[in-house]
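Peer 1: Letter by letter, the chains look like this.
Protein chains: 4
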Amino acid sequence: MYQEQYFLTIRDINYGNHMDHLALLNYLHETRVRFLRKSGYSEIDVDGLGTGLVVAELQCNYRKECFYGEKITVKMNLELLSPMKLRLNYQVTKNEGEVAANAIIRLAFLDRNKKVVVVPQWLQNLAKG
Amino acid sequence: MYQEQYFLTIRDINYGNHMDHLALLNYLHETRVRFLRKSGYSEIDVDGLGTGLVVAELQCNYRKECFYGEKITVKMNLELLSPMKLRLNYQVTKNEGEVAANAIIRLAFLDRNKKVVVVPQWLQNLAKG
Amino acid sequence: MYQEQYFLTIRDINYGNHMDHLALLNYLHETRVRFLRKSGYSEIDVDGLGTGLVVAELQCNYRKECFYGEKITVKMNLELLSPMKLRLNYQVTKNEGEVAANAIIRLAFLDRNKKVVVVPQWLQNLAKG
Amino acid sequence: MYQEQYFLTIRDINYGNHMDHLALLNYLHETRVRFLRKSGYSEIDVDGLGTGLVVAELQCNYRKECFYGEKITVKMNLELLSPMKLRLNYQVTKNEGEVAANAIIRLAFLDRNKKVVVVPQWLQNLAKG
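Residue numbers (the numbering used here), protein chains in the order written: chain C, 25 to 153; chain F, 25 to 153; chain G, 25 to 153; chain E, 25 to 153.
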């Protein structure tokens with residue numbers, strides 16, 4: 025399980041005066057990038073061999089309104105659906121653990137010729153463990 | 025069925041030099057707002073009585089990479105899941121009809137006190153028709 | 025002098041793989057909003073009487089490229105140009121004080137009827153002090 | 025003189041229910057990219073030799089509030105300040121020619137080693153003409 029915290033900023037707030045439903049998704053993305061970076065990788069080179077990742081599917085259930093300045097916690101874990109398919113399960117909470125949203129992101133991995141390849145071994149290991 | 029066309033702009037393009045997966049979702053949002061506006065309403069007042077809508081759930085399957093300057097077509101139709109639940113079904117195509125993405129957005133409707141209310145009648149009618 | 029720190033996130037990075045020139049400006053905005061909030065106000069109600077502020081002019085000189093994950097410091101001070109005109113002077117630094125950008129934002133204040141009014145007294149006092 | 029037209033979209037609108045001051049700047053950027061593209065180039069390769077451009081300075085004066093769905097016209101012309109410095113002068117109008125904003129963007133040109141180089145000849149020619 026990987027976790028990050030963020031304070032909602034003014035660019036997250038839309039004309040309804042609450043967090044935009046799409047603004048939330050940026051924090052899922054940022055969490056993924058920080059996780060990769062702490063392992064020495066990036067979305068563009070996820071294994072040191074030039075394999076990249078793309079989002080194949082995204083699902084999000086919105087449960088609570090969020091507001092400017094609130095602190096949210098994004099928890100993420102990895103689930104291997106098949107050798108080619110990695111799923112990230114996200115939970116976003118605010119305040120004392122209230123669930124603001126649940127989300128799933130399925131990733132695909134592409135080699136330098138944009139051919140789909142298996143999930144890099146280190147991610148498979150983390151997903152299994 | 026409601027439909028809009030857009031040209032992808034430079035703010036849609038991310039560091040992978042293709043459309044960001046979240047940028048696509050802005051076009052679903054814009055299509056929804058244009059549809060409401062053509063009917064004389066907005067997300068903040070969807071029935072002339074101050075009822076607002078919020079996104080309760082979002083799903084998107086990404087099928088094709090999209091690039092700067094490409095023209096995309098967003099088709100949207102309405103499906104009534106229950107008197108309280110309206111689902112928007114989206115298909116995003118590019119070029120000669122290649123499917124770039126499919127998406128579903130489930131909406132909830134809130135009165136001025138943020139209490140969930142039934143789908144406004146005119147939307148129920150369109151969803152049924 | 026008011027000051028905030030930020031870590032650059034993935035949505036700040038554009039297709040040149042560095043911080044977008046417009047992404048930087050969000051941090052100037054966020055700094056202004058945090059400053060107002062710590063004083064108990066917001067852009068929409070800057071004095072407790074419903075006076076709002078708008079950006080009348082913005083200037084930014086870009087000095088250094090910035091990259092994902094870098095920590096930037098935004099310093100802001102207030103300068104009263106006239107009873108109607110408040111200027112915010114910004115300096116953005118990274119690492120050990122390298123200047124990444126200098127910026128100026130001139131604000132105008134509007135009452136509820138969108139008529140330009142004088143700079144609220146508490147801001148005038150801070151600008152003078 | 026180069027010109028483009030845009031309809032303001034929902035992601036341009038902020039919690040003040042009008043166009044965000046930073047949203048406007050995206051349209052200056054998009055206009056520049058379209059102009060380059062029509063000449064066969066991009067910001068990353070502005071002369072077919074791998075020379076890139078970066079924004080060195082940006083100034084914008086905001087004159088009129090803009091709202092969702094409004095059509096804006098962005099006019100841009102080129103002014104050569106010195107062999108190394110190109111300035112883009114922008115005027116943004118809405119409705120029947122009301123000026124919404126005036127802006128200036130000064131560009132610098134960098135070779136593949138990020139060394140500043142002269143303005144590409146074809147742009148110098150256009151700026152002079």
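Just so you know, not all the hints are guaranteed correct.
[Said to hold, decoys possible] Pairwise CB distance ranges, derived in the manner of DEER restraints:
id, chain 1, residue 1, chain 2, residue 2, range
1, G, 128, F, 25, 21 to 31 Å
2, C, 95, E, 25, 17 to 27 Å
3, G, 128, C, 107, 19 to 29 Å
4, E, 106, G, 40, 18 to 28 Å
5, F, 78, E, 128, 19 to 29 Å
6, G, 72, F, 146, 16 to 26 Å
7, E, 121, G, 40, 46 to 56 Å
8, G, 152, F, 85, 51 to 61 Å
9, F, 107, E, 128, 52 to 62 Å
10, E, 68, F, 25, 32 to 42 Å
11, G, 69, C, 120, 20 to 30 Å
12, G, 93, E, 120, 41 to 51 Å
13, C, 41, F, 85, 29 to 39 Å
14, G, 121, E, 140, 19 to 29 Å
[Said to hold, decoys possible] Pairs of lysine-lysine residues, derived as DSSO-like cross-links and limited to a Cα-Cα distance of at most 30 Å, are as follows:
id, chain 1, residue 1, chain 2, residue 2
15, E, 88, E, 99
16, G, 62, C, 118
17, G, 88, E, 118
18, C, 138, F, 99
19, C, 138, E, 138
20, E, 88, G, 99
21, E, 109, E, 99
22, E, 118, G, 138
23, C, 95, G, 118
24, F, 62, G, 138
25, F, 99, E, 62
26, F, 139, C, 118
27, C, 139, C, 109
28, C, 88, F, 95
29, E, 109, F, 95
30, G, 88, E, 139
Hints listed in this document are in silico derivations from the structure and should not be mistaken for laboratory results.
Virtual Cβ for every residue (Gly too), placed ideally from N, Cα, C.
Peer 1: Is the Cα-Cα distance between residue 109(E) and residue 95(F) 30 Å or less?
Peer 2: Violated - the C-alpha atoms of residue 95(F) and residue 109(E) are around 34 Å apart, more than 30 Å.
Peer 1: Confirm or reject the claim that residue 68(E) and residue 25(F) have a C-beta distance inside 32 to 42 Å.
Peer 2: Holds - the Cβ-Cβ distance for residue 68(E) and residue 25(F), about 39 Å, lies within 32 to 42 Å.
Peer 1: Falls inside 19 to 29 Å, the C-beta gap from residue 78(F) to residue 128(E)?
Peer 2: Violated, at about 40 Å.
Peer 1: Next pair to validate is residue 109(E) with residue 99(E); report whether the Cα-Cα distance is within 30 Å.
Peer 2: 20 Å, holds
Peer 1: Mind checking the alpha carbons of residue 88(E) and residue 99(E) for me, to see if they're no more than 30 Å apart?
Peer 2: 16 Å, holds
Peer 1: Does the alpha-carbon distance linking residue 88(G) and residue 118(E) stay inside the 30 Å limit?
Peer 2: Since the Cα atoms of residue 88(G) and residue 118(E) sit roughly 34 Å apart, the hinted pair is violated (cutoff 30 Å).
Peer 1: Is the straight-line distance between the alpha-carbon of residue 118(E) and that of residue 138(G) 30 Å or less?
Peer 2: 19 Å, holds
Peer 1: For residue 138(C) and residue 138(E), compute the direct alpha-carbon distance and say whether it is at most 30 Å.
Peer 2: 29 Å, holds
Peer 1: Does the Cβ distance between residue 121(G) and residue 140(E) fall inside 19 to 29 Å?
Peer 2: At 23 Å between Cβs, range holds.
Peer 1: With the threshold set at 30 Å, check whether the alpha-carbon distance from residue 62(F) to residue 138(G) stays at or below it.
Peer 2: Given that 30 Å is the threshold and the Cα spacing comes to 28 Å, the pair holds.
Peer 1: Taking only the CA atoms, is the gap from residue 88(E) to residue 99(G) under or equal to 30 Å?
Peer 2: 28 Å, holds
Peer 1: Does the Cβ pair residue 128(G), residue 107(C) satisfy 19 to 29 Å?
Peer 2: The hinted range 19 to 29 Å is violated for residue 128(G) and residue 107(C), with Cβ atoms some 55 Å apart.
In the structure shown, a violation is registered for the earlier hints numbered 1, 2, 3, 5, 6, 7, 17, 28 and 29, in ascending order.
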